[in-house]
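Line order of the protein sequences matches chains G and F.
Position 163 of the first sequence, counted from 1, bears residue number 170 in our numbering, the numbering being contiguous throughout.
Position 325 of the second sequence, counted from 1, bears residue number 332 in our numbering, the numbering being contiguous throughout.
Since the hints were derived computationally from the structure, they do not count as laboratory data.
As the structure is a prediction and not an experimental result, all values here were calculated from the model.
Careful, some of the hints might be misleading.
Since the list gives no way to pick one copy over another, a pair counts as held whenever it fits inside one copy or between any two copies.
Said to hold, decoys possible - Lysine to aspartate or glutamate pairs mimicking EDC-like chemistry, simulated, CA-CA at most 20 Å apart:
(1) Lys366 <-> Asp57
(2) Lys167 <-> Asp57
(3) Lys366 <-> Glu62
(4) Lys34 <-> Asp57
(5) Lys34 <-> Glu54
(6) Lys330 <-> Glu170
(7) Lys167 <-> Glu62
(8) Lys330 <-> Glu106
(9) Lys366 <-> Glu54
(10) Lys34 <-> Glu166
(11) Lys43 <-> Asp57
(12) Lys34 <-> Glu18
(13) Lys43 <-> Glu18
(14) Lys329 <-> Glu170
Each chain, written out:
2 protein chains.
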Amino acid sequence: MDTTRIEMVMEQIRRRIAGRSLLPGSKLPSVRAHAKTSGVSVSTVVEAYDRLVAEGVVLSRPGSGFYVATQTAPLLLSEVGPKLDRAIDPFWVSRQSLEATDNTEKPGCGWLPPDWLPEAGLRRGLRALSRASGIALAEYGSPLGLPPLRQLITRRMAEKGIEAPPDQVILTESGTQAIDLLCRYLIDPGDTVLLDDPCYFNFQALLRAHRVQVVSVPYTPNGPDIEVFASVLAEHRPRLYITNSAVHNPTGATLSPVIAHRVLMLAEQHGLTIVEDDIFADFEHVPGPRLAAFDGLNRVIHIGSFSKTLSASARCGFIAAKKDWIDGIVDLKIATTFGGGRLNAELVLSVLSDGGHRKYLEGLRMRLARARHEVGAKLREIGIVPLLEPQAGMFLWCRVPGPRSSAQVARAALVDGVVLAPGNAFSPAQTAGDLMRFNVSQIGNSRVFETIQRSLSQSCSGDR
Amino acid sequence: MDTTRIEMVMEQIRRRIAGRSLLPGSKLPSVRAHAKTSGVSVSTVVEAYDRLVAEGVVLSRPGSGFYVATQTAPLLLSEVGPKLDRAIDPFWVSRQSLEATDNTEKPGCGWLPPDWLPEAGLRRGLRALSRASGIALAEYGSPLGLPPLRQLITRRMAEKGIEAPPDQVILTESGTQAIDLLCRYLIDPGDTVLLDDPCYFNFQALLRAHRVQVVSVPYTPNGPDIEVFASVLAEHRPRLYITNSAVHNPTGATLSPVIAHRVLMLAEQHGLTIVEDDIFADFEHVPGPRLAAFDGLNRVIHIGSFSKTLSASARCGFIAAKKDWIDGIVDLKIATTFGGGRLNAELVLSVLSDGGHRKYLEGLRMRLARARHEVGAKLREIGIVPLLEPQAGMFLWCRVPGPRSSAQVARAALVDGVVLAPGNAFSPAQTAGDLMRFNVSQIGNSRVFETIQRSLSQSCSGDR
Numbered sequence: 008m009d010t011t012r013i014e015m016v017m018e019q020i021r022r023r024i025a026g027r028s029l030l031p032g033s034k035l036p037s038v039r040a041h042a043k044t045s046g047v048s049v050s051t052v053v054e055a056y057d058r059l060v061a062e063g064v065v066l067s068r069p070g071s072g073f074y075v076a077t078q079t080a081p082l083l084l085s086e087v088g089p090k091l092d093r094a095i096d097p098f099w100v101s102r103q104s105l106e107a108t109d110n111t112e113k114p115g116c117g118w119l120p121p122d123w124l125p126e127a128g129l130r131r132g133l134r135a136l137s138r139a140s141g142i143a144l145a146e147y148g149s150p151l152g153l154p155p156l157r158q159l160i161t162r163r164m165a166e167k168g169i170e171a172p173p174d175q176v177i178l179t180e181s182g183t184q185a186i187d188l189l190c191r192y193l194i195d196p197g198d199t200v201l202l203d204d205p206c207y208f209n210f211q212a213l214l215r216a217h218r219v220q221v222v223s224v225p226y227t228p229n230g231p232d233i234e235v236f237a238s239v240l241a242e243h244r245p246r247l248y249i250t251n252s253a254v255h256n257p258t259g260a261t262l263s264p265v266i267a268h269r270v271l272m273l274a275e276q277h278g279l280t281i282v283e284d285d286i287f288a289d290f291e292h293v294p295g296p297r298l299a300a301f302d303g304l305n306r307v308i309h310i311g312s313f314s315k316t317l318s319a320s321a322r323c324g325f326i327a328a329k330k331d332w333i334d335g336i337v338d339l340k341i342a343t344t345f346g347g348g349r350l351n352a353e354l355v356l357s358v359l360s361d362g363g364h365r366k367y368l369e370g371l372r373m374r375l376a377r378a379r380h381e382v383g384a385k386l387r388e389i390g391i392v393p394l395l396e397p398q399a400g401m402f403l404w405c406r407v408p409g410p411r412s413s414a415q416v417a418r419a420a421l422v423d424g425v426v427l428a429p430g431n432a433f434s435p436a437q438t439a440g441d442l443m444r445f446n447v448s449q450i451g452n453s454r455v456f457e458t459i460q461r462s463l464s465q466s467c468s469g470d471r
Numbered sequence: 008m009d010t011t012r013i014e015m016v017m018e019q020i021r022r023r024i025a026g027r028s029l030l031p032g033s034k035l036p037s038v039r040a041h042a043k044t045s046g047v048s049v050s051t052v053v054e055a056y057d058r059l060v061a062e063g064v065v066l067s068r069p070g071s072g073f074y075v076a077t078q079t080a081p082l083l084l085s086e087v088g089p090k091l092d093r094a095i096d097p098f099w100v101s102r103q104s105l106e107a108t109d110n111t112e113k114p115g116c117g118w119l120p121p122d123w124l125p126e127a128g129l130r131r132g133l134r135a136l137s138r139a140s141g142i143a144l145a146e147y148g149s150p151l152g153l154p155p156l157r158q159l160i161t162r163r164m165a166e167k168g169i170e171a172p173p174d175q176v177i178l179t180e181s182g183t184q185a186i187d188l189l190c191r192y193l194i195d196p197g198d199t200v201l202l203d204d205p206c207y208f209n210f211q212a213l214l215r216a217h218r219v220q221v222v223s224v225p226y227t228p229n230g231p232d233i234e235v236f237a238s239v240l241a242e243h244r245p246r247l248y249i250t251n252s253a254v255h256n257p258t259g260a261t262l263s264p265v266i267a268h269r270v271l272m273l274a275e276q277h278g279l280t281i282v283e284d285d286i287f288a289d290f291e292h293v294p295g296p297r298l299a300a301f302d303g304l305n306r307v308i309h310i311g312s313f314s315k316t317l318s319a320s321a322r323c324g325f326i327a328a329k330k331d332w333i334d335g336i337v338d339l340k341i342a343t344t345f346g347g348g349r350l351n352a353e354l355v356l357s358v359l360s361d362g363g364h365r366k367y368l369e370g371l372r373m374r375l376a377r378a379r380h381e382v383g384a385k386l387r388e389i390g391i392v393p394l395l396e397p398q399a400g401m402f403l404w405c406r407v408p409g410p411r412s413s414a415q416v417a418r419a420a421l422v423d424g425v426v427l428a429p430g431n432a433f434s435p436a437q438t439a440g441d442l443m444r445f446n447v448s449q450i451g452n453s454r455v456f457e458t459i460q461r462s463l464s465q466s467c468s469g470d471r
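Just chain G, same shape as in the assembly (with noise of 0.2 Å):
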């Protein structure tokens, strides 16, 4: 049929439409009739119409004919342009980032660019899944998740020495719903979660819908501080730890083989169990030490995802434990999401079983490399120094110069478009007021600089 003609079709009804010569209400002219003055053919104004009706700008009454809707859409100038009056709390980086529009810079935001994933490999995945069998396209996933991508998650962590059976991993919707489900299965409301200072910020989110105290460890270049995490287990007792092992997010520290073991020993000791989120791991050069690994899935559950090297779009993360918690942790998942997202199963799994995606990855990691070096020098030019030299990842965590805090700072690059990441979002003890994170694929441009350099020497009233 002629898309042409169609389209010439909806756009008479809309004009009458919008020129109120065909009122809420009214009813359109009948198919026959319009093809007739209109010079098209019956099909061409049915299928018009139809698509009208899609669009909910046209109703249809069968055995009546159509009509013009009465409620049309009012606009969404609620969500337009950044809400400036929001409280820096650990929702204000996900907020500020997810709402961001395309105008907005954000260098504060936790994820790469579109053109830094693997695109090409996502438009054959999705081609692929176009000629895929009915089962993939309609119906709910296995309780546990897509049989082959389980499989290919368990020799993606045996590559880390990390021992997990596909039975024993468990497909979710996403890294964050992994560690929902998680804290759901093992902790009660007023139990005390232990994390680190700082940490990804949407951790301190999660566990506040979860009702739980939170006790900190700092964190230093390669793990938490092993005599402050020794006397919090002792004083505050709590029931799980979560925590980034290889890419620490925001610091992009490592966890040595001796803090890991020693972090192992005081669990066990203490009855501790500890959620390794692993969701940057595709960023590291060399795999590190593992708690998992060392631990054997004992004390540890690992858990990780495919949104930083693959797709946010398609969600999809996963759970690695010990087989006696897997029904439990299951019969959760489906009361709480029922069937899981086995669309998004089968693209993930369809992009990573391309020849051609080990190579994006190591393209990747070299391209993260030069940029933390590119940033990291053009950072400190105005005085932003980054704590330490990250071997991977895409965050440099800096102390800005003062003297204002680096909330402050925020705020004001906010008004100029620009998301930055001040680093008490990531501290449950607020202890980085001076500090912030940068994530150096989402800095490219000289604007973003330029306000930043500009917002170091403004501030906007009422903040600390």
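Knowing the structure of chain G, use the given hints to seat chain F on it.
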């Protein structure tokens, strides 16, 4: 590149590993050597090795070469076949249905077979997505979710008399996740929640995860028994009531305007909030009364999803709620799942905007009407009697003749590879021991009726 040759090389390597002429950990022939001996190009061998790496069969050590992986994936033996020993609880139907293998029939499940769903539309949608912007493929969704899909949902709700502008619509990962978020937002552990008896079994499983007390009200062909409803509200003071208005699961009943009005009056009087789960909306021939339409999203929150008439593989649901509640719910959504599944939302939008989708839905409703009639007749022949004749949907809620309970019948059928849905899985008060839900779209072949008939006169021991 020649795919056949690449696969040939992969097959050669796989055979040598299987035949133990290449042992785990040993080095593969160099790319050049293998190209020479096999008579293929170097690039063919490189691609074959890369794909074997992606499969996890082979490991790459940069600068050194390719090695046989030391771990191979074990078989997923534990996942094969139904688990016959599970208790008949709210998880029974979902686990058995979701775990069912290809040669299992599942008249107990709650979804349509793939060939009843809009496969062609989904395939078109995926092809369109493969050409979409990098942002659609790779980025997180915005906090509320894809704006044009929310606008479309607003227009669809308007057809049912529900006024909810797009900034009062939140996309979620699924209908189940929508209810889960609302429970998190609205209730505390220890609160009391009211359900229909019978009701969708997963409401009970979900509420168990929220540690609340469940009370129930008998569901009549016109809605909840309003006398009992009034006395339960007075006695137990539930904070929340979760129900289906349009096509009630499992009974297929439709809420009447009179009962709707009285439910809302009593809710107002007792400070009750109502979650109206409308995931079967697209099955209706004529829109029935909605609590959210009468109430104007004051005490009622309306939720829906696309898993029943579009795809359960591309998970996507939504919440429509009063403006005051949107920010709090979105904060919880970000804390527990971060950005939403943008890819699924894009696909759903694409299929819904397709001019042919309305015709597909009309055809589906007719097909279901025929199937309800035919399956109902065949069930009556073997003594199974529908309690009412639903005006829409895929379910028949039936009395089994006895003396076996429906749980006994379901266990016996499971042994023969047929998953049924015994009544008490749906009944918070356990009053449905002689009832059973049948999905008329999943009961096409005669083997299923033979198995059911045989199961009526058999039983497994030890069952109620």
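Do the hints match the structure? See the list:
Within a single copy, Lys366 and Asp57 get their C-alpha atoms only as close as 46 Å, which misses the 20 Å cut-off; across copies the closest is 8 Å, which meets it. Only between protomers do Lys167 and Asp57 lie at most 20 Å apart by alpha-carbon distance; the minimum there is 19 Å, versus 54 Å within a single protomer. For a Cα distance limit of 20 Å, the shortest separation of Lys366 from Glu62 across copies, 14 Å, qualifies, whereas the shortest one inside one copy, 42 Å, does not. In this assembly of identical chains, the alpha carbons of Lys34 and Asp57 lie at most 20 Å apart only when taken from the same copy (15 Å versus 61 Å across copies).
In this assembly of identical chains, Lys34 and Glu54 lie within 20 Å of each other by CA distance solely inside one copy; the values are 17 Å within and 61 Å between copies. In this assembly of identical chains, the alpha carbons of Lys330 and Glu170 lie at most 20 Å apart only when taken from the same copy (12 Å versus 48 Å across copies). Within a single copy, Lys167 and Glu62 get their C-alpha atoms only as close as 50 Å, which misses the 20 Å cut-off; across copies the closest is 16 Å, which meets it. Proximity of Lys330 to Glu106 under the C-alpha cut-off of 20 Å is restricted to the inter-copy arrangement: shortest distance 18 Å between copies versus 40 Å within a copy.
Taking the shortest Cα distances, Lys366 and Glu54 sit within 20 Å of each other only across copies (10 Å), while inside one copy they are farther apart (46 Å). Proximity of Lys34 and Glu166 under a CA criterion of 20 Å is satisfied inter-copy only: 16 Å between copies versus 66 Å inside one chain copy. In this homomeric assembly, Lys43 and Asp57 come within 20 Å of each other (Cα to Cα) only inside a single copy, at 18 Å, whereas the closest approach across copies is 60 Å. Taking the shortest alpha-carbon separations for Lys34 and Glu18, only the intra-copy value of 17 Å comes in at or below 20 Å, while the best inter-copy value is 65 Å.
In this homomeric assembly, Lys43 and Glu18 come within 20 Å of each other (Cα to Cα) only inside a single copy, at 17 Å, whereas the closest approach across copies is 63 Å. In this assembly of identical chains, the alpha carbons of Lys329 and Glu170 lie at most 20 Å apart only when taken from the same copy (10 Å versus 48 Å across copies).
The structure is consistent with each of the numbered hints, conforming to all of them.
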